[in-house]
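Participant: Residue numbers (the numbering used here), protein chains in the order written: chain A, 7 to 118; chain B, 492 to 603.
One thing to keep in mind: the hints can contain errors.
A few chain B residues facing chain A, derived, Cβ under 8 Å [as the list claims (entries may be wrong)]:
| # | residue |
| --- | --- |
| 1 | Asn521 |
| 2 | Gln524 |
| 3 | Leu534 |
| 4 | His536 |
| 5 | Leu539 |
| 6 | Gly550 |
| 7 | Phe579 |
| 8 | Asp583 |
| 9 | Ala584 |
| 10 | Gln592 |
| 11 | Phe593 |
| 12 | Gly594 |
| 13 | Ala595 |
| 14 | Gly596 |
In silico DSBU-like cross-links for lysine-lysine, where the CA-CA straight-line distance does not exceed 30 Å [said to hold, decoys possible]:
| # | chain 1 | residue 1 | chain 2 | residue 2 |
| --- | --- | --- | --- | --- |
| 15 | B | Lys590 | B | Lys560 |
| 16 | B | Lys517 | A | Lys77 |
| 17 | B | Lys547 | B | Lys560 |
| 18 | A | Lys17 | A | Lys77 |
| 19 | A | Lys17 | B | Lys517 |
| 20 | B | Lys517 | B | Lys590 |
| 21 | A | Lys77 | A | Lys63 |
| 22 | B | Lys590 | B | Lys547 |
| 23 | B | Lys547 | B | Lys517 |
| 24 | B | Lys590 | A | Lys17 |
| 25 | A | Lys63 | B | Lys561 |
| 26 | B | Lys517 | B | Lys561 |
| 27 | B | Lys560 | B | Lys517 |
| 28 | A | Lys20 | A | Lys63 |
| 29 | B | Lys590 | A | Lys77 |
What the hints contain is simulated information worked out from the structure, not anything from laboratory work.
Heads up, the beta-carbon is just placed ideally off N, CA and C, and yes, glycines get one too.
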Amino acid sequence: DTGVSQNPRHKITKRGQNVTFRCDPISEHNRLYWYRQTLGQGPEFLTYFQNEAQLEKSRLLSDRFSAERPKGSFSTLEIQRTEQGDSAMYLCASSFTGGGYTFGSGTRLTVV
Amino acid sequence: SQQGEEDPQALSIQEGENATMNCSYKTSINNLQWYRQNSGRGLVHLILIRSNEREKHSGRLRVTLDTSKKSSSLLITASRAADTASYFCATDALDSWGKLQFGAGTQVVVTP
Numbered sequence: 007d008t009g010v011s012q013n014p015r016h017k018i019t020k021r022g023q024n025v026t027f028r029c030d031p032i033s034e035h036n037r038l039y040w041y042r043q044t045l046g047q048g049p050e051f052l053t054y055f056q057n058e059a060q061l062e063k064s065r066l067l068s069d070r071f072s073a074e075r076p077k078g079s080f081s082t083l084e085i086q087r088t089e090q091g092d093s094a095m096y097l098c099a100s101s102f103t104g105g106g107y108t109f110g111s112g113t114r115l116t117v118v
Numbered sequence: 492s493q494q495g496e497e498d499p500q501a502l503s504i505q506e507g508e509n510a511t512m513n514c515s516y517k518t519s520i521n522n523l524q525w526y527r528q529n530s531g532r533g534l535v536h537l538i539l540i541r542s543n544e545r546e547k548h549s550g551r552l553r554v555t556l557d558t559s560k561k562s563s564s565l566l567i568t569a570s571r572a573a574d575t576a577s578y579f580c581a582t583d584a585l586d587s588w589g590k591l592q593f594g595a596g597t598q599v600v601v602t603p
């Protein structure tokens with residue numbers, strides 16, 4: 007297992023388009039998290055899964071955002087009708103419950 | 492909103508010196524964790540300290556936790572240029588079930 011993998015690394019999209027990001031966690035981990043990070047700030051929590059169940063969604067996650075984790079394996083984060091304010095680094099992490107996180111390298115989204 | 496606040500926001504030191512950064516938080520916690528982030532990359536887990544622990548060491552890192560003051564410190568001894576990065580504290584609050592909240596980070600620059 008080579009850690010948490012995120013694809014793509016970079017995504018440039020036009021405002022109004024939909025984008026989807028993928029995260030492959032460490033297979034033994036039962037928790038998967040999505041965070042968003044803007045320049046000069048710490049990661050902000052978006053949502054997390056325990057196995058295939060989505061346990062919590064942040065108020066930051068508007069109706070345009072949806073995340074899935076089918077069969078408790080990889081996860082996808084979709085943003086519909088992107089806006090310039092969605093430009094950020096989207097980070098995925100996995101862990102055992104109550105343990106330290108292993109982060110992926112992130113997907114940098116630029117909305118033009 | 493972010494639970495932890497790091498101090499200072501930025502720190503510039505020379506190789507061989509020690510670097511100390513502090514984190515204050517607001518609510519009772521299960522554990523507190525420190526992460527490092529190199530520019531444009533994902534976060535790397537450094538150390539986890541549980542609420543019933545007061546001090547923890549890992550290599551050149553020393554973390555303290557004072558739950559009565561709701562604060563923690565990270566000390567990097569004998570710093571190296573490779574320690575240049577942003578450092579974040581993250582709290583696992585008592586009612587958060589393993590979800591971490593991150594501070595805004597301390598940017599550390601170590602010059603040769």
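Participant: Taking the hints in turn, state whether each one holds.
Facilitator: Hints versus structure:
1. Asn521: holds, 7 Å
2. Gln524: Status holds, d = 6 Å.
3. Leu534: Hint on Leu534/B: holds, closest Cβ of chain A at ~5 Å, below 8 Å.
4. His536: holds, 4 Å
5. Leu539: holds, 5 Å
6. Gly550: violated, 15 Å
7. Phe579: This interface hint holds because 5 Å falls under the 8 Å limit.
8. Asp583: holds, 7 Å
9. Ala584: Result: violated, 11 Å to nearest chain A Cβ.
10. Gln592: Gln592/B check passes; min Cβ-Cβ to chain A is 7 Å, inside 8 Å.
11. Phe593: holds, 4 Å
12. Gly594: Because about 5 Å separates Gly594/B from the closest Cβ in chain A, which is inside the 8 Å limit, the hint holds.
13. Ala595: holds, 5 Å
14. Gly596: holds, 5 Å
15. Lys590/B / Lys560/B: holds, 22 Å
16. Lys517/B / Lys77/A: violated, 36 Å
17. Lys547/B / Lys560/B: holds, 17 Å
18. Lys17/A / Lys77/A: Since the Cα atoms of Lys17/A and Lys77/A sit roughly 26 Å apart, the hinted pair holds (cutoff 30 Å).
19. Lys17/A / Lys517/B: violated, 36 Å
20. Lys517/B / Lys590/B: holds, 15 Å
21. Lys77/A / Lys63/A: Holds. Lys77/A to Lys63/A sits at ~19 Å (cutoff 30 Å).
22. Lys590/B / Lys547/B: Holds, at roughly 22 Å.
23. Lys547/B / Lys517/B: OK: Lys547/B and Lys517/B at ~21 Å, within 30 Å.
24. Lys590/B / Lys17/A: holds, 27 Å
25. Lys63/A / Lys561/B: Satisfied, since the Cα-Cα distance of roughly 26 Å is no more than 30 Å.
26. Lys517/B / Lys561/B: holds, 7 Å
27. Lys560/B / Lys517/B: Judged against 30 Å, a Cα distance of about 9 Å means the pair holds.
28. Lys20/A / Lys63/A: holds, 26 Å
29. Lys590/B / Lys77/A: The hint holds at about 21 Å.
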